[in-house]
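S.K.: Each chain is listed here by its residues.
There are 2 protein chains.
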Amino acid sequence: MKQKRPSIKDIAKALNVSITTISFVLNGKGEERKISKEVIKKIEDYAEEINYRPNQIAQSLRTGKSKILVFMVEDIGNPFFAKIARIIEEIAYQKGYKVLFCSTENNDKRSRELITLFHERQVDGFIVIPSPGIQKDIENLIKSDVPVVLGDRYFKGSPMNHVVIDNYGASKKGTQHLIDNGFKNIAFISIDTKQMQMVDRARGYRDAVDEAGLSNQVLELSFDDIRKQKGKDSVKNLLTQKENIDAVFFSTNYLTQTALEIIKDIDPKLIYNLGILTFDDNDFFKINTPSISAVAQPLQEMGEELMRIMFKLLKKSKDKETPLMQTVLEATLTPRDSSRRK
Amino acid sequence: MKQKRPSIKDIAKALNVSITTISFVLNGKGEERKISKEVIKKIEDYAEEINYRPNQIAQSLRTGKSKILVFMVEDIGNPFFAKIARIIEEIAYQKGYKVLFCSTENNDKRSRELITLFHERQVDGFIVIPSPGIQKDIENLIKSDVPVVLGDRYFKGSPMNHVVIDNYGASKKGTQHLIDNGFKNIAFISIDTKQMQMVDRARGYRDAVDEAGLSNQVLELSFDDIRKQKGKDSVKNLLTQKENIDAVFFSTNYLTQTALEIIKDIDPKLIYNLGILTFDDNDFFKINTPSISAVAQPLQEMGEELMRIMFKLLKKSKDKETPLMQTVLEATLTPRDSSRRK
Chain A
1 MKQKRPSIKD
11 IAKALNVSIT
21 TISFVLNGKG
31 EERKISKEVI
41 KKIEDYAEEI
51 NYRPNQIAQS
61 LRTGKSKILV
71 FMVEDIGNPF
81 FAKIARIIEE
91 IAYQKGYKVL
101 FCSTENNDKR
111 SRELITLFHE
121 RQVDGFIVIP
131 SPGIQKDIEN
141 LIKSDVPVVL
151 GDRYFKGSPM
161 NHVVIDNYGA
171 SKKGTQHLID
181 NGFKNIAFIS
191 IDTKQMQMVD
201 RARGYRDAVD
211 EAGLSNQVLE
221 LSFDDIRKQK
231 GKDSVKNLLT
241 QKENIDAVFF
251 STNYLTQTAL
261 EIIKDIDPKL
271 IYNLGILTFD
281 DNDFFKINTP
291 SISAVAQPLQ
301 EMGEELMRIM
311 FKLLKKSKDK
321 ETPLMQTVLE
331 ATLTPRDSSR
341 RK
Chain B
1 MKQKRPSIKD
11 IAKALNVSIT
21 TISFVLNGKG
31 EERKISKEVI
41 KKIEDYAEEI
51 NYRPNQIAQS
61 LRTGKSKILV
71 FMVEDIGNPF
81 FAKIARIIEE
91 IAYQKGYKVL
101 FCSTENNDKR
111 SRELITLFHE
121 RQVDGFIVIP
131 SPGIQKDIEN
141 LIKSDVPVVL
151 GDRYFKGSPM
161 NHVVIDNYGA
171 SKKGTQHLID
181 NGFKNIAFIS
191 IDTKQMQMVD
201 RARGYRDAVD
211 EAGLSNQVLE
221 LSFDDIRKQK
231 GKDSVKNLLT
241 QKENIDAVFF
251 STNYLTQTAL
261 EIIKDIDPKL
271 IYNLGILTFD
281 DNDFFKINTP
291 SISAVAQPLQ
301 EMGEELMRIM
311 FKLLKKSKDK
321 ETPLMQTVLE
331 ATLTPRDSSR
341 RK
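So the sequences go chain by chain: A and B. Using full-length UniProt numbering, the first residue of the first sequence is number 1, and each one after it goes up by one. Using full-length UniProt numbering, the first residue of the second sequence is number 1, and each one after it goes up by one.
By construction, these hints were calculated from the structure, which means they are not laboratory data. One should not assume that every hint holds.
Claimed, not checked - Far from chain A by the CB rule (all over 10 Å, computed), these chain B residues:
1. Lys41
2. Ala82
3. Ala85
4. Gly133
5. Lys236
6. Lys312
To be verified - Straight-line distance between alpha carbons at most 20 Å, and here's what the computed EDC-like set of lysine to aspartate or glutamate pairs gives:
7. Lys230(B) with Glu261(B)
8. Lys194(B) with Asp75(B)
9. Lys95(B) with Asp267(A)
10. Lys236(A) with Asp283(B)
11. Lys286(A) with Glu261(B)
12. Lys34(A) with Glu49(A)
13. Lys136(A) with Glu44(B)
14. Lys109(A) with Glu90(B)
15. Lys230(A) with Glu261(A)
16. Lys316(B) with Glu305(B)
17. Lys95(B) with Glu304(B)
18. Lys136(A) with Asp45(B)
19. Lys286(B) with Asp265(A)
20. Lys286(A) with Asp337(A)
21. Lys67(A) with Glu120(B)
22. Lys286(A) with Asp267(B)
23. Lys67(B) with Glu113(A)
24. Lys236(A) with Glu261(A)
25. Lys269(A) with Asp337(B)
26. Lys65(A) with Glu120(A)
27. Lys286(B) with Asp267(A)
28. Lys65(B) with Glu113(A)
Where is the CB? At the ideal position from N, CA and C, for every residue including glycine.
Modelling step: build the complete structure from the supplied sequences, incorporating the hints.
M.R.: Below, the structure is given as structure tokens:
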């Protein structure tokens with residue numbers, strides 16, 4: 001089943017034609033170079049027969065263009081990232097680019113390894129949901145003149161192209177919606193992290209309850225504990241022991257998902273009596289009973305904006321600086337049954 | 001902001017050290033080669049300072065190993081594929097491999113372009129959810145001695161390594177479960193495709209209702225229509241006009257997702273009165289009200305099995321044939337509220 005990868009030399013030898021002629025034909029320049037139709041056909045047929053493929057890596061070393069972009073996300077299994085990935089892939093494909101995806105697990109070491117891998121393999125551009133400690137690695141990429149756009153979060157004080165949403169404003173608006181619907185003891189359940197998007201969401205919540213003269217109740221779980229019994233127990237404790245809590249705002253979709261199970265477990269009626277709001281929307285929140293109110297990030301817009309900036313960077317001429325491109329998008333509050341006045 | 005990529009020669013020149021010495025140090029062989037600690041440190045510090053990175057592509061051209069695998073799926077935005085992707089990525093990472101993902105949209109042209117791209121960039125192995133018309137392309141990869149494992153489906157009559165589930169058996173068992181719970185007019189809603197996994201699921205359904213002396217009702221939607229009004233109308237028509245239908249079996253998760261919305265739209269009580277069963281499980285079916293019964297594919301096992309076979313292929317010695325490795329896994333019926341006897 002094995003065979004040596006055929007080279008252009010093999011074709012030259014087999015057909016007794018010069019390497020230059022073969023190279024013209026296989027690069028689609030046969031007619032232009034006035035090579036006879038018979039010879040063109042002979043070479044093309046033979047190349048197909050032996051399954052010849054030009055050495056693209058060597059080509060890419062010469063031209064420096066791979067037409068490949070990479071999208072590094074936290075977890076490709078999370079629908080939020082998977083959906084943006086799909087949107088980006090589609091836009092790129094229309095313009096002749098391929099996009100590769102990988103997960104960093106929000107781990108710096110892993111992110112660094114992946115950046116090195118892709119940089120060495122000369123992808124044309126990086127779209128990155130950055131893990132917290134890779135600011136220097138991204139700066140080095142940019143110094144090497146590699147197009148980079150950050151998504152979802154950025155490094156404060158480091159000027160880079162990015163597309164984010166107004167997390168503070170969205171979170172404040174969401175909390176205000178719960179307050180407007182009469183909820184008085186609103187808990188905020190989030191991840192224990194210094195990531196700016198999560199910090200901003202917590203801040204938006206705190207400011208809204210403070211301004212309304214209500215007290216805040218924040219539960220922050222470690223990323224590792226969320227799906228484990230430990231995380232589930234923390235949520236359960238919050239909801240059962242402090243019986244005055246009448247609404248919960250979850251800072252991200254996978255927390256909500258885990259919590260809905262716990263809420264059903266505690267008491268099948270609880271899900272109807274508790275005010276529930278989630279950051280990040282998806283189709284299941286819409287069809288759940290009760291339907292779950294959400295602060296929806298504009299996935300389509302985020303994908304389009306990330307690619308608009310990426311293509312600007314790809315097109316810029318070598319000697320010209322491009323101005324910084326930083327976009328802040330608004331999230332949309334989508335009220336449904338779970339946050340109705342009880 | 002731009003600078004030429006530094007080479008090993010630049011380091012040699014700047015530090016007045018031989019290229020060989022630098023090469024030993026940067027490949028971690030400084031001590032072994034008895035190079036002094038001071039020189040090692042000097043070289044390492046300088047390499048870091050100028051952000052030197054070895055030319056991995058040139059290395060990979062020499063060694064022929066990239067430690068990169070690719071996982072080509074139908075749609076990375078579909079949680080079924082995104083979850084398996086995550087499982088595969090984790091197993092690969094433990095063994096020092098990176099995995100790249102991309103979506104084929106089940107389109108042959110796109111699949112071919114991606115295969116060429118990855119083959120040229122010399123990934124070490126392909127895990128592929130194949131689109132229907134790429135049998136020859138896969139055969140060519142295998143002829144070139146590239147490790148390939150197919151997942152989810154395969155080409156009948158073409159001997160390749162694969163991991164699939166017993167779709168016929170799982171579908172028959174699921175249908176039988178609905179019959180056992182007293183449903184008499186069970187519809188099967190699926191995709192209009194010749195893909196073997198979908199054909200097998202339809203066959204399992206038909207045989208089960210036939211054997212029970214019941215009549216079958218099959219609705220097949222085109223992949224493009226599913227999320228469009230046309231697809232929604234077809235489902236609505238089936239459920240409202242043929243009022244004798246008392247249960248529906250959906251052949252894949254995204255159909256169920258769309259249909260649950262439609263069912264809620266028709267009449268909020270319908271979801272409690274209709275028997276509902278879905279192929280492919282996820283956390284949302286579990287927390288939905290009523291919870292949705294599912295035929296669950298063993299994602300963890302599928303990921304592990306795909307990687308077990310891939311690593312066998314990666315490890316095999318060049319001159320030895322490996323026997324075909326074909327695994328058929330069982331799906332698990334998970335009965336929940338939606339398929340209870342009404």
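S.K.: Next step is simple, just say for each hint if it's right about the structure.
M.R.: We went through each hint and held it up to the structure:
Every C-beta of chain A lies more than 10 Å from that of Lys41(B), the closest at about 20 Å, which supports listing it as non-interface. A cut-off of 10 Å between C-beta atoms contradicts the statement that Ala82(B) is not in contact with chain A; the least separation is 4 Å. Not every C-beta of chain A lies more than 10 Å from that of Ala85(B), the closest at about 5 Å, which undercuts listing it as non-interface. Listed as outside the interface, Gly133(B) is consistent with that label: its C-beta sits roughly 17 Å from the nearest C-beta of chain A, beyond the 10 Å cut-off.
Every CB of chain A is more than 10 Å from the CB of Lys236(B) (nearest about 15 Å), matching its label as outside the interface. For Lys312(B), the non-interface assignment is confirmed: its Cβ lies about 15 Å from the closest Cβ of chain A, beyond the 10 Å cut-off. Straight-line distance between C-alpha atoms of Lys230(B) and Glu261(B) comes to about 15 Å, which keeps the hinted pair within the 20 Å bound. A distance of roughly 18 Å separates the Cα atoms of Lys194(B) and Asp75(B); the hinted pair therefore holds under the 20 Å criterion.
Restraint check: the Cα-Cα separation between Lys95(B) and Asp267(A) comes to about 44 Å, which exceeds 20 Å; the hinted pair is violated. A threshold of 20 Å between alpha carbons decides the hint, and for Lys236(A) with Asp283(B) the separation of about 18 Å falls inside it, so the pair holds. In summary, the hint linking Lys286(A) to Glu261(B) is supported, as the alpha carbons are separated by about 8 Å, within the 20 Å threshold. Taking the CA atoms of Lys34(A) and Glu49(A), the gap is near 24 Å; set against the 20 Å cutoff, the hint is violated.
Among the hinted pairs, Lys136(A) with Glu44(B) is consistent with the structure: their alpha-carbon atoms are about 17 Å apart, no more than 20 Å. Between Lys109(A) and Glu90(B) the alpha-carbon distance is near 14 Å, which keeps this suggested pair within the 20 Å criterion. This hinted pair checks out: Lys230(A) and Glu261(A) have alpha carbons roughly 14 Å apart, not beyond 20 Å. With a C-alpha separation of about 17 Å, the suggested pairing of Lys316(B) with Glu305(B) holds against the 20 Å cut-off.
Our distance criterion of 20 Å between C-alpha atoms is met by Lys95(B) and Glu304(B), whose separation comes to about 13 Å. A distance of roughly 16 Å separates the Cα atoms of Lys136(A) and Asp45(B); the hinted pair therefore holds under the 20 Å criterion. Proximity of Lys286(B) to Asp265(A) is assessed by CA-CA distance (about 12 Å); at most 20 Å being required, the pair is judged to hold. At most 20 Å may separate the alpha-carbon atoms for a hinted pair to count; Lys286(A) and Asp337(A) meet this at roughly 9 Å.
For the proposed pair Lys67(A) and Glu120(B), the alpha carbon gap of about 13 Å is at most 20 Å, so the pair holds. For the proposed pair Lys286(A) and Asp267(B), the alpha carbon gap of about 16 Å is at most 20 Å, so the pair holds. For the proposed pair Lys67(B) and Glu113(A), the alpha carbon gap of about 12 Å is at most 20 Å, so the pair holds. Proximity of Lys236(A) to Glu261(A) is assessed by CA-CA distance (about 10 Å); at most 20 Å being required, the pair is judged to hold.
With a C-alpha separation of about 16 Å, the suggested pair Lys269(A) and Asp337(B) falls inside the 20 Å cut-off, and the hint holds. This hinted pair checks out: Lys65(A) and Glu120(A) have alpha carbons roughly 13 Å apart, not beyond 20 Å. This hinted pair checks out: Lys286(B) and Asp267(A) have alpha carbons roughly 15 Å apart, not beyond 20 Å. At roughly 16 Å between alpha-carbon atoms, Lys65(B) and Glu113(A) fall within 20 Å of each other, so this suggested pair holds.
The earlier numbered hints that this structure contradicts are 2, 3, 9, 12.
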